[in-house]
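J.: Chains A and B, in that order, give the protein sequences. Mapping of the first sequence onto this note's numbering: residues 78 to 180, in sequence order. Mapping of the second sequence onto this note's numbering: residues 1119 to 1463, in sequence order.
Among the hints, a few may not be true.
Dumping the calculated DSS-like pairs for lysine-lysine here, alpha-carbon to alpha-carbon at most 25 Å [what the hints assert, rightly or not]:
| id | chain 1 | residue 1 | chain 2 | residue 2 |
| --- | --- | --- | --- | --- |
| 1 | B | Lys1398 | B | Lys1413 |
| 2 | A | Lys144 | B | Lys1425 |
| 3 | A | Lys96 | B | Lys1178 |
| 4 | B | Lys1186 | A | Lys114 |
| 5 | B | Lys1253 | B | Lys1178 |
| 6 | B | Lys1178 | A | Lys156 |
| 7 | B | Lys1323 | B | Lys1398 |
| 8 | A | Lys156 | A | Lys109 |
| 9 | B | Lys1219 | B | Lys1232 |
| 10 | B | Lys1214 | B | Lys1300 |
| 11 | B | Lys1283 | B | Lys1298 |
| 12 | A | Lys92 | B | Lys1186 |
| 13 | A | Lys144 | A | Lys92 |
| 14 | B | Lys1411 | A | Lys156 |
| 15 | B | Lys1232 | A | Lys144 |
| 16 | B | Lys1156 | B | Lys1298 |
| 17 | B | Lys1425 | B | Lys1398 |
| 18 | B | Lys1300 | B | Lys1232 |
| 19 | A | Lys92 | B | Lys1232 |
| 20 | B | Lys1156 | B | Lys1232 |
| 21 | B | Lys1186 | B | Lys1214 |
| 22 | A | Lys96 | B | Lys1186 |
| 23 | A | Lys156 | A | Lys96 |
| 24 | B | Lys1232 | B | Lys1323 |
| 25 | B | Lys1298 | B | Lys1214 |
| 26 | A | Lys114 | A | Lys92 |
| 27 | A | Lys160 | B | Lys1178 |
| 28 | B | Lys1300 | B | Lys1310 |
| 29 | B | Lys1323 | B | Lys1178 |
| 30 | B | Lys1300 | B | Lys1323 |
| 31 | A | Lys114 | A | Lys156 |
| 32 | A | Lys114 | A | Lys160 |
| 33 | B | Lys1219 | A | Lys144 |
| 34 | A | Lys92 | A | Lys109 |
| 35 | A | Lys109 | B | Lys1178 |
| 36 | B | Lys1300 | B | Lys1219 |
Short derived list, chain A residues pointing at chain B, Cβ under 10 Å [claimed, not checked]:
| id | residue |
| --- | --- |
| 37 | Asp80 |
| 38 | Asn145 |
| 39 | Arg151 |
| 40 | Phe152 |
Rather than coming from a laboratory, the hints here were simulated on the basis of the structure. Beta carbons are placed, not taken as given, at the ideal position from N, Cα and C, and that holds for glycine.
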Amino acid sequence: MADPMKIRASVMGDKVVVKVLMAHEMETGQRKDSAGKTVPAWFIQNVIATHNGKTVLSAQWGPAVSKNPFLEFRFSGGKAGEKVVVTWTDNKGDKRSDEATIS
Amino acid sequence: MFRFINLILLSVLVSAVNAQAQGKYPGIGRAATPAEIKAWDIDVRPDFTGLPPGSGSVAKGQLVWEAKCASCHGTFGESNEVFTPIVGGTTADDIKAGRVKALQEPMARTTFMKVSSISTLWDYVNRAMPWNAPKSLSTDEVYASLAYMLNLANIVPADFVLSEKTMGDVQARLPNRNGKVKYEGLWNIRGKGDVQNVACMRDCKIEIGLASVLPDFAQGTHGNLAEQQRHIGPARGIDTGKRVQVPANSATVSLTKSGGEAMLNLARDGNCTACHQIDKRLLGPSFQEIAAKYKADNGAESRLSEKVKTGGSGVWGAIPMPPSALRDEDIRALVRWILSGAPER
């Protein structure tokens, strides 16, 4: 199981601003280690954010995204006290889901 | 830095010696009041001397952080845009060992990778943050923002409350707490030095580098620089008197000696050997390399003579060859000798 994500969600005007910091190696598959062997690709492929069971963000990522990616997005219709759930799946099938309360 | 105790002593004494001091230096300054000293003396030491009582939770720290810190440091202390990141690069193993492993690799360094005493962070935030309004945070806000940072770095749990009592617990979990070394040679005059370099005494590697070149028009404009140096330390001035002091009989000297030795002396006189060797490449190509390259080239002698006279670059690399101060016939003889492979006789 990967390290937990850090998620902050807060109401700004009529929108909810969500900031996510994910802990992931994000190996491109292009890098070689000190022995000259290729480091196998290992990166987040899908990111889904839901609010009250409804998907508010769905993204497909590739190896170009940095290590420990930072993601910020806004959606409307959220209220303080409700929950936002962010889930990622990587190319090894590993999954991580974390939630945060909108403040 | 003054010791606090000295300051107290000073402030007590100050009133006693005030009249005397003013008598000694009339009209210059006045003694600092205890309140002024208190406002000035805000430093916090690694043993937590000077740490004011107070407390702040991670949750409160998040509010302070979002309001005053996140615009530069990022919501998670991860921002690398204005300053280097505060959080990142440390692992649970580092917290156990007290030494950050990633520091041994060539990678960007974050605050929590480097800092070895938590008091330093407290002191720095307290005196210098926020950037645009230093010293505007209350004591509790400093504790809270620091608690939030520590939580981001996975050093303390989310329900942690940082106070003057729990600072010691945090210090014991700081990832790089054992990362500081005290080289004895830096503070103990009798201690062993922190460098082990030994001066080379024999068979030393000689490295010659052409750092700069005095242009032709500047030769001799300030007299012979070599004669204007103090005779201690490395010689710095080049012999700029050479151009006007070329011995009239240098060619005849060459002729009487004849052969490779005379030519090598000539090359030495013309400062050629600073960059060229007979068989080894230094800054410029070796004489033998030159001979090999132009072996089948009939016009090489006159072209190279011209090149030695006027200087050049680009054939063997980017490092330029400065114009030679040697006489034309000497240059020609030298080039002929080089093109014949720089024989010893």
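J.: Each hint needs a verdict: does it hold in this structure or not?
T.: Verification of the supplied hints:
no.: 1; hint: B:Lys1398 - B:Lys1413; in the structure: holds (18 Å)
no.: 2; hint: A:Lys144 - B:Lys1425; in the structure: violated (55 Å)
no.: 3; hint: A:Lys96 - B:Lys1178; in the structure: holds (18 Å)
no.: 4; hint: B:Lys1186 - A:Lys114; in the structure: violated (46 Å)
no.: 5; hint: B:Lys1253 - B:Lys1178; in the structure: holds (18 Å)
no.: 6; hint: B:Lys1178 - A:Lys156; in the structure: holds (21 Å)
no.: 7; hint: B:Lys1323 - B:Lys1398; in the structure: holds (14 Å)
no.: 8; hint: A:Lys156 - A:Lys109; in the structure: violated (47 Å)
no.: 9; hint: B:Lys1219 - B:Lys1232; in the structure: holds (11 Å)
no.: 10; hint: B:Lys1214 - B:Lys1300; in the structure: holds (21 Å)
no.: 11; hint: B:Lys1283 - B:Lys1298; in the structure: holds (24 Å)
no.: 12; hint: A:Lys92 - B:Lys1186; in the structure: holds (21 Å)
no.: 13; hint: A:Lys144 - A:Lys92; in the structure: violated (28 Å)
no.: 14; hint: B:Lys1411 - A:Lys156; in the structure: violated (81 Å)
no.: 15; hint: B:Lys1232 - A:Lys144; in the structure: holds (20 Å)
no.: 16; hint: B:Lys1156 - B:Lys1298; in the structure: violated (30 Å)
no.: 17; hint: B:Lys1425 - B:Lys1398; in the structure: holds (21 Å)
no.: 18; hint: B:Lys1300 - B:Lys1232; in the structure: holds (15 Å)
no.: 19; hint: A:Lys92 - B:Lys1232; in the structure: violated (38 Å)
no.: 20; hint: B:Lys1156 - B:Lys1232; in the structure: violated (30 Å)
no.: 21; hint: B:Lys1186 - B:Lys1214; in the structure: violated (32 Å)
no.: 22; hint: A:Lys96 - B:Lys1186; in the structure: holds (17 Å)
no.: 23; hint: A:Lys156 - A:Lys96; in the structure: holds (16 Å)
no.: 24; hint: B:Lys1232 - B:Lys1323; in the structure: violated (38 Å)
no.: 25; hint: B:Lys1298 - B:Lys1214; in the structure: holds (16 Å)
no.: 26; hint: A:Lys114 - A:Lys92; in the structure: violated (47 Å)
no.: 27; hint: A:Lys160 - B:Lys1178; in the structure: holds (20 Å)
no.: 28; hint: B:Lys1300 - B:Lys1310; in the structure: holds (12 Å)
no.: 29; hint: B:Lys1323 - B:Lys1178; in the structure: violated (63 Å)
no.: 30; hint: B:Lys1300 - B:Lys1323; in the structure: violated (33 Å)
no.: 31; hint: A:Lys114 - A:Lys156; in the structure: violated (50 Å)
no.: 32; hint: A:Lys114 - A:Lys160; in the structure: violated (43 Å)
no.: 33; hint: B:Lys1219 - A:Lys144; in the structure: holds (18 Å)
no.: 34; hint: A:Lys92 - A:Lys109; in the structure: violated (43 Å)
no.: 35; hint: A:Lys109 - B:Lys1178; in the structure: violated (44 Å)
no.: 36; hint: B:Lys1300 - B:Lys1219; in the structure: holds (19 Å)
no.: 37; hint: Asp80; in the structure: holds (8 Å)
no.: 38; hint: Asn145; in the structure: holds (7 Å)
no.: 39; hint: Arg151; in the structure: violated (14 Å)
no.: 40; hint: Phe152; in the structure: violated (17 Å)
The structure shown violates the earlier hints numbered 2, 4, 8, 13, 14, 16, 19, 20, 21, 24, 26, 29, 30, 31, 32, 34, 35, 39, 40.
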